[in-house]
Each structure stands twice: as C-alpha cells, then as structure tokens.
Amino acid sequence: MRIKVFIAALCALTLTATMAKAENDSTAAEQSAQTEPQKEEFNPGGEIIEHISDAHDWHIMTLNEGQPNEKHISIPLPIILYNTAEGRLDVFMSSKFHHGHESYKGYKLVGGGTEAQQIVYVDQKGNVSKPLDFSITKVSVSVMIAALILLLILFGVKRSCIKNAGKAPKGMQSLMEILILFIRDGVVVPIMGEKHSQRYLPYILTLFLFIFLCNILGLVPFFPGGVNVTGNIAVTGVLAVITFLITTFSGNKHYWKDIFNTPGVPWWLKIPLPLMPIVEFVGMFTKPFVLMVRLFANITAGHIVTLGFIFLIFIFGHSMSAGVGYAVSPVSVIFSLFISALECLVAFIQAYVFAMLTSLYIGMAVHNPEEEHA
Numbered sequence: 001m002r003i004k005v006f007i008a009a010l011c012a013l014t015l016t017a018t019m020a021k022a023e024n025d026s027t028a029a030e031q032s033a034q035t036e037p038q039k040e041e042f043n044p045g046g047e048i049i050e051h052i053s054d055a056h057d058w059h060i061m062t063l064n065e066g067q068p069n070e071k072h073i074s075i076p077l078p079i080i081l082y083n084t085a086e087g088r089l090d091v092f093m094s095s096k097f098h099h100g101h102e103s104y105k106g107y108k109l110v111g112g113g114t115e116a117q118q119i120v121y122v123d124q125k126g127n128v129s130k131p132l133d134f135s136i137t138k139v140s141v142s143v144m145i146a147a148l149i150l151l152l153i154l155f156g157v158k159r160s161c162i163k164n165a166g167k168a169p170k171g172m173q174s175l176m177e178i179l180i181l182f183i184r185d186g187v188v189v190p191i192m193g194e195k196h197s198q199r200y201l202p203y204i205l206t207l208f209l210f211i212f213l214c215n216i217l218g219l220v221p222f223f224p225g226g227v228n229v230t231g232n233i234a235v236t237g238v239l240a241v242i243t244f245l246i247t248t249f250s251g252n253k254h255y256w257k258d259i260f261n262t263p264g265v266p267w268w269l270k271i272p273l274p275l276m277p278i279v280e281f282v283g284m285f286t287k288p289f290v291l292m293v294r295l296f297a298n299i300t301a302g303h304i305v306t307l308g309f310i311f312l313i314f315i316f317g318h319s320m321s322a323g324v325g326y327a328v329s330p331v332s333v334i335f336s337l338f339i340s341a342l343e344c345l346v347a348f349i350q351a352y353v354f355a356m357l358t359s360l361y362i363g364m365a366v367h368n369p370e371e372e373h374a
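Note that our numbering numbers the sequence shown so that position 241 is 241, with each residue one more than the last.
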C-alpha cells in the first residue's frame, strides 16, 4: 500500500513539474524576447533513445557540455561506405565528422536522438543520396568483444579441465560447468532426447552463453559495456534466422507431414479449404519472429525503464529547480538500482528462454514418433 501511495505521489509531482514548466515557459515568452538566447530544450525521450541506439562512434563522456569549450571523449570507429552515386568505396574514421558537426568528402552524419543515426551523401549540386553503409558500429564492436571474451573464457576452462582432470572444479571452471550442465540436463536433453541432444547442444549452448554475456555487458555502465546489443533488432533477427534455417533444414518427413497433412484434422480443413496447412506454414515464420521480438523488446524495455528513473533527476531539475532535482535524486537512484538488479535476472531469463524455445523448435523438427513407439 505504501509503495502505491509513493508511486502516486511521484506521478503527481511529475505532472506538477510539467505543468509548472509549461506555465513558466509561456510567462517567459510573454515577458521578454530580447534577452540572451535560450538554452537548448531538454529532451529526455531523445536522450534515452540515443543512449540505447547504435552509433558510428563509441561515446565515453562529454566535458563542459553546452559551453564554448565543449569536448567529446569518444572512440572513433571505421566508416566503410560504397557511394552508389559515384561508384566508389570510401573508408575513413568517424572522427572526421566531429560528432556530426562537420561533413567529410560530401558525407554527412544525420539523425540522433529519436531518429536513427545514418550517413548521407550530398554532391556539389545539392542532391542527397544514401550510400551503402558497411561501417563498423558500436554494436558490431560490442558483438566482437563479447565473442572474444566468450572464446577466452571457454578455452581457459578447457585448459583447466585438462590440467585438473580428476579434481574438483574451481573458479571459472565450476561456474561454466554449472551453466553447461544446466542447459544440457535442464533444457536440451529433456526436450530433444539423448539421440539428438549431442548434435545440437553446441549451437544452443553457444546461443545461451552469447546472449547472456551480451545482456550482462549491456548493464556495465562503462567501456567495453553499456551497449544495447540484444536490444538491437538486427542482432536478435540474425540469431532468429539462424535458428529458422537449422530448424528448416533439420526437419524430417514427420515434421513436413505434420505441416501439410496435420493428423487428427478433418479432411475438409486440408484439401477443399486448406486452413490448417496455411496456419502451420505461417507458423514456421512466426516462431523465429517471436524469438526475435521477445528478446529485443524485453532487453530494450529494461534499459528504457532504468534510464527513465535516472532522467527523472534532470526532468525535475529543468522543470522546477536544481534543488528539486537533488531532492528527487536519492529516490531515482534507488529505483534505478532496483531495476538494474532486476535486469541481471532478466539477462539470465531471456537467454534461457531463447535457448529453450530454440531447443523446442528444433526438437519438433527432428522428432520421430516411430522411435518413441519402438
């Protein structure tokens, strides 16, 4: 009951702050239009979307923000563009754009905030075209870092297993043994059975460990973490497509028969009115779509909620006064820490759900009823 009252009070304060800001803005506009230029309006929605979106450089921090001597500290990333208008390949570093303030060789960095960041080409006549972008972005680098960390961990565990053969595992070896046995004995074998589990276990285990590591790295607020990898629908889409291809090419005759000649269904729903074959065929594509969207939506929502609580400090500070922002900051920090702790659990659960559903889809494709009867 106290939590509900507190949340209601917090919402009331937010509404009051918004109304006060609107009233102050209108009064200031009526009183004077000749004063010094106003500062750029604070846009929390744009700031949050920019934090969880992909970018062509890895931004670390900004010094003296809003001042003439403003300085951005970031790691530039390679820009690889194929100019379709002039038929040439251009390669340079993202630092040439100076954080979007300058153009380079006719290329200009546009977007940001609530809009997706992209590169356009403007020729001498002012015609705008979009080149083919093969650049190494922040998400791409984070995927490589996660893969490298995962390889280092697994090869290190392999050496430990060989070195400590016959001894009790310890350190990273014991942790990885728990995760591997959990996926093998708790997910893959119960769903697929002993015969097929050994064939698909490496892929499903790789999926689980990679997604789990990317989710954890996304919660780290400093380099090399803080990137919304699995909250990028392109990444989850590629993982879902790989699962779809493995499921499709692993399907046996019983799998395809159940799709186009579903047993236990009246004949008039198969031949004159092929409703069930259509539903089953569409289901082949909705399954990987569900995999893609579920992981993307859950991870993105968690980051947005955490940033939303943090940005309450700045919303109240800009809307009312700096003192109110400082007063709200303890509550915002506590709630953001609680959501971050919850996200650690969600990071594991989403990796587990992705691995479980992948095992289920592949298991349905390789399932053979004749083997069970035998």
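Incorrect hints may have been included.
Pairs of lysine to aspartate or glutamate residues, derived as EDC-like cross-links and limited to a Cα-Cα distance of at most 20 Å, are as follows [claimed, not checked]: (1) K108 - E177; (2) K71 - E86; (3) K158 - E177; (4) K130 - E70; (5) K158 - E115; (6) K253 - E280; (7) K108 - D123; (8) K195 - D185; (9) K105 - E115; (10) K170 - D133; (11) K130 - E102; (12) K108 - D90; (13) K130 - D185; (14) K167 - E177; (15) K105 - D123; (16) K170 - E194; (17) K108 - D185; (18) K71 - D90; (19) K96 - D123; (20) K71 - E50; (21) K163 - D133; (22) K130 - D90; (23) K125 - E102; (24) K163 - D185; (25) K125 - E177; (26) K71 - E47; (27) K108 - D133; (28) K96 - D54; (29) K105 - D133; (30) K96 - E47; (31) K167 - D133.
Quick caveat, the hints were computed from the structure, so don't treat them as lab data.
Quiz item: Which numbered conditions among the earlier hints are violated in the structure presented, ordered from lowest to highest?
Solution: 1, 2, 4, 5, 9, 10, 13, 16, 17, 18, 21, 24, 25, 30, 31
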